[in-house]
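Colleague: Chain V: place on chain F using the hints.
2 protein chains.
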Amino acid sequence: MKLKITFLGTSAAVPTIKRSLPAIAFQWKGKIMLFDAGEGVQRQMLKSGLSILRVKQIFITHSHGDHVLGVFGLLHTMAMLGRESLLEIYAPRDVIELITSVIKYTGRDSAFKVILKQVHEGIIFEGEDYLVKAFKVDHGTLEAYGYVFEETKALGKFDVKKAEKLGIPKGPLWKMLQEGKDIVLENGRIIRWREVVVPPKHKVKVVYTGDTKPLEKTIEYSKDATVLIHDSTFDHTLSKEAHEQGHSTSLDAALIAKKANVKSLFLTHISARYESEKPLLEKAVEIFKNTYVAQDFMSVWVF
Amino acid sequence: MKLKITFLGTSAAVPTIKRSLPAIAFQWKGKIMLFDAGEGVQRQMLKSGLSILRVKQIFITHSHGDHVLGVFGLLHTMAMLGRESLLEIYAPRDVIELITSVIKYTGRDSAFKVILKQVHEGIIFEGEDYLVKAFKVDHGTLEAYGYVFEETKALGKFDVKKAEKLGIPKGPLWKMLQEGKDIVLENGRIIRWREVVVPPKHKVKVVYTGDTKPLEKTIEYSKDATVLIHDSTFDHTLSKEAHEQGHSTSLDAALIAKKANVKSLFLTHISARYESEKPLLEKAVEIFKNTYVAQDFMSVWVF
Chain F
4 MKLKITFLGT
14 SAAVPTIKRS
24 LPAIAFQWKG
34 KIMLFDAGEG
44 VQRQMLKSGL
54 SILRVKQIFI
64 THSHGDHVLG
74 VFGLLHTMAM
84 LGRESLLEIY
94 APRDVIELIT
104 SVIKYTGRDS
114 AFKVILKQVH
124 EGIIFEGEDY
134 LVKAFKVDHG
144 TLEAYGYVFE
154 ETKALGKFDV
164 KKAEKLGIPK
174 GPLWKMLQEG
184 KDIVLENGRI
194 IRWREVVVPP
204 KHKVKVVYTG
214 DTKPLEKTIE
224 YSKDATVLIH
234 DSTFDHTLSK
244 EAHEQGHSTS
254 LDAALIAKKA
264 NVKSLFLTHI
274 SARYESEKPL
284 LEKAVEIFKN
294 TYVAQDFMSV
304 WVF
Chain V
4 MKLKITFLGT
14 SAAVPTIKRS
24 LPAIAFQWKG
34 KIMLFDAGEG
44 VQRQMLKSGL
54 SILRVKQIFI
64 THSHGDHVLG
74 VFGLLHTMAM
84 LGRESLLEIY
94 APRDVIELIT
104 SVIKYTGRDS
114 AFKVILKQVH
124 EGIIFEGEDY
134 LVKAFKVDHG
144 TLEAYGYVFE
154 ETKALGKFDV
164 KKAEKLGIPK
174 GPLWKMLQEG
184 KDIVLENGRI
194 IRWREVVVPP
204 KHKVKVVYTG
214 DTKPLEKTIE
224 YSKDATVLIH
234 DSTFDHTLSK
244 EAHEQGHSTS
254 LDAALIAKKA
264 NVKSLFLTHI
274 SARYESEKPL
284 LEKAVEIFKN
294 TYVAQDFMSV
304 WVF
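Sequence lines, in order, name chains F and V. Take 4 as the starting number for the first sequence in the working numbering and just add one per residue. Take 4 as the starting number for the second sequence in the working numbering and just add one per residue.
No wet-lab data here; the hints were simulated from the structure. A couple of the hints might just be wrong.
Claimed, not checked - Across the chosen pairs, the derived CB separations fall in these ranges:
| # | chain 1 | residue 1 | chain 2 | residue 2 | range |
| --- | --- | --- | --- | --- | --- |
| 1 | V | Lys-21 | F | Glu-167 | 54 to 60 Å |
| 2 | V | Ile-126 | F | Lys-107 | 30 to 36 Å |
| 3 | V | Lys-292 | F | Thr-103 | 30 to 36 Å |
| 4 | F | Arg-96 | V | Lys-156 | 36 to 42 Å |
| 5 | F | Ile-20 | V | Gln-248 | 30 to 36 Å |
| 6 | V | Ile-20 | F | Lys-32 | 37 to 43 Å |
Claimed, not checked - Below, in silico cross-link-like pairs of lysine to aspartate or glutamate (EDC-like), each with a Cα-Cα straight-line distance of 16 Å or less:
| # | chain 1 | residue 1 | chain 2 | residue 2 |
| --- | --- | --- | --- | --- |
| 7 | V | Lys-107 | F | Glu-100 |
| 8 | V | Lys-204 | V | Glu-219 |
| 9 | F | Lys-107 | V | Glu-167 |
Said to hold, decoys possible - Reference listing, derived: stretches of chain V covered by chain F, where coverage requires no fewer than 3 residues with Cβ under 8 Å from a Cβ of chain F:
| # | stretch |
| --- | --- |
| 10 | 10–19 |
| 11 | 46–58 |
| 12 | 169–176 |
| 13 | 212–218 |
Every residue gets a Cβ at the ideal spot worked out from N, C-alpha and C, and that includes glycine.
For reference, chain F alone in the conformation it holds in the complex (with noise of 0.2 Å):
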């Protein structure tokens, strides 16, 4: 398992008795990036076992409260727990003024620094083997983003065999060809690091919508992604409603999904008026086969 991702909150705007608000947990290899952190989230953690302590990166997508609440708690109880660590949070210029402001009232002494950045369009995180990118979505008239989680270094399966015959020494040069770099060895033979290494399948690349209409631009930023995670706020029946709040319906979802030839399709942002997955699923499915409404505590590995 390479990715972990987690799904903490499915609603849309207020919370109801089986969903709470926006947020999502990305487990990437010991830590935890959240994506939207809704009022509750720190509890939606301690509920799914993942320890807040772990928590590295949050991308808030936009800053309507739903979506942005949770942040405060989550910050007063890591400095109650002691926390030291650097917390990063990524989030749109107006989001990143609340939380400024929030921090000066609520703020109790502590150790840990939060560095908050602010979102533009393109990479904002490269880090040793992910980076993130936003990408500008249309939710009305305040600043709202999607965001890209990309795997850079994916490992090919490295044929122990062939190496030792080619007389390759173990140790860092066997590294350098796993990780996809060509090497030359004392006797000046170059060996192609596809010579000992099967290149990695895929990639995992997931996407996550945040709040907003349906786009062309989400279909460029999803190519072939492993998985989509789509605005869903409302079925197929409901669709000027849904573009005119800025949000998209369970077949707009689907139709983009498809045309992004991604793997597969979760459905969230749920609103309150739906008790059954029923009247999301049926067009959808039927124009993407693998779509899915995501449940809270929902965990979906990802290979």
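Modeller: Here is chain V on its own, set in the frame of chain F:
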């Protein structure tokens, strides 16, 4: 039943799987008052079957995040649900500043008005049949209050037969007598209300301390109260830590309950370290028998 008290969150500082952050609902003749509003209060209300649209007044004890961060989600959802009626929030000055600054960012178009009232020691609200007093408590350097809810117009038992015998015409005069007012009949005869009304045995009085060290003042304000809800962050073996952090132990609370001659004591603001109620109860019930550890979703009916 006159008053129903529902504990919506009974943890201290950080939530646990079983306990959400501090919040208590009072249901009084169709309206709801909240005392503190920690993160997640709106969803706790949903799960308790309490309508957030019926909340008329919110009383916040102090500005620590665990007591106040649920206000924003409540306001957000009230706006989303199209609330039009007025909401009053009573709080210390720093909480009012915090709420004002958050509303600026997360506010949605909404017809309903929020009135923010700065709290001082003394009577802060006087309604038709109850009043609310605030009293300053000691929770370290920041401004913190406890609150007293007092019934002001308890109705006695009306003796219909005697009223008819005395020739008192049915109608408004009966109501006046039952409300404790003396009347004069058309024939000039004075009727004292006690002639036809058995006075109520007691008036409802509930005290909630918020976070505080044990105080003499709490005893004064809790005199003969029906219910005392007291800070009980730790058990008696940790009284040094409790007092240093501006909190009380369960034993402190029991001693105050006894001296104030209250009817029952509910311990709340329970540290996450306690999985069992036992260490909190053992000494406390020796001092004050009617001691209970509050739990999330526990309701207390006051008759």
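Colleague: Hint by hint, say whether it matches the structure.
Modeller: Hint-by-hint comparison with the structure:
The hinted range of 54 to 60 Å is satisfied by V:Lys-21 and F:Glu-167, whose Cβ atoms lie roughly 57 Å apart. Separated by about 31 Å at the C-beta atoms, V:Ile-126 and F:Lys-107 satisfy the suggested range of 30 to 36 Å. For the hinted restraint 30 to 36 Å between V:Lys-292 and F:Thr-103, the CB-CB distance of approximately 50 Å leaves it violated. Between F:Arg-96 and V:Lys-156, the C-beta spacing of about 52 Å breaks the proposed range 36 to 42 Å.
Checked against the hint of 30 to 36 Å, the C-beta distance between F:Ile-20 and V:Gln-248 comes to roughly 35 Å, which is consistent with it. Against the hinted window of 37 to 43 Å, the Cβ-Cβ separation of V:Ile-20 and F:Lys-32 comes to about 26 Å, which falls outside the hint. Proximity of V:Lys-107 to F:Glu-100 is assessed by CA-CA distance (about 10 Å); at most 16 Å being required, the pair is judged to hold. Among the hinted pairs, V:Lys-204 with V:Glu-219 is inconsistent with the structure: their alpha-carbon atoms are about 27 Å apart, more than 16 Å.
Taking the CA atoms of F:Lys-107 and V:Glu-167, the gap is about 66 Å. The hint is violated against a cut of 16 Å. As drawn, the stretch 10–19 of chain V meets chain F at 4 residues by the rule of a beta-carbon pair under 8 Å; at three or more, the given contact holds. For the stretch 46–58 of chain V, the stated coverage by chain F is satisfied: 3 residues place a CB nearer than 8 Å to a CB of that chain, which reaches the threshold of 3. Given a C-beta distance limit of less than 8 Å, the hint that chain F covers the stretch 169–176 of chain V is violated, as 0 residues qualify and 3 are needed.
Coverage of the stretch 212–218 of chain V by chain F is violated in this model, with 0 residues showing a Cβ closer than 8 Å to a Cβ of that chain against a need of three.
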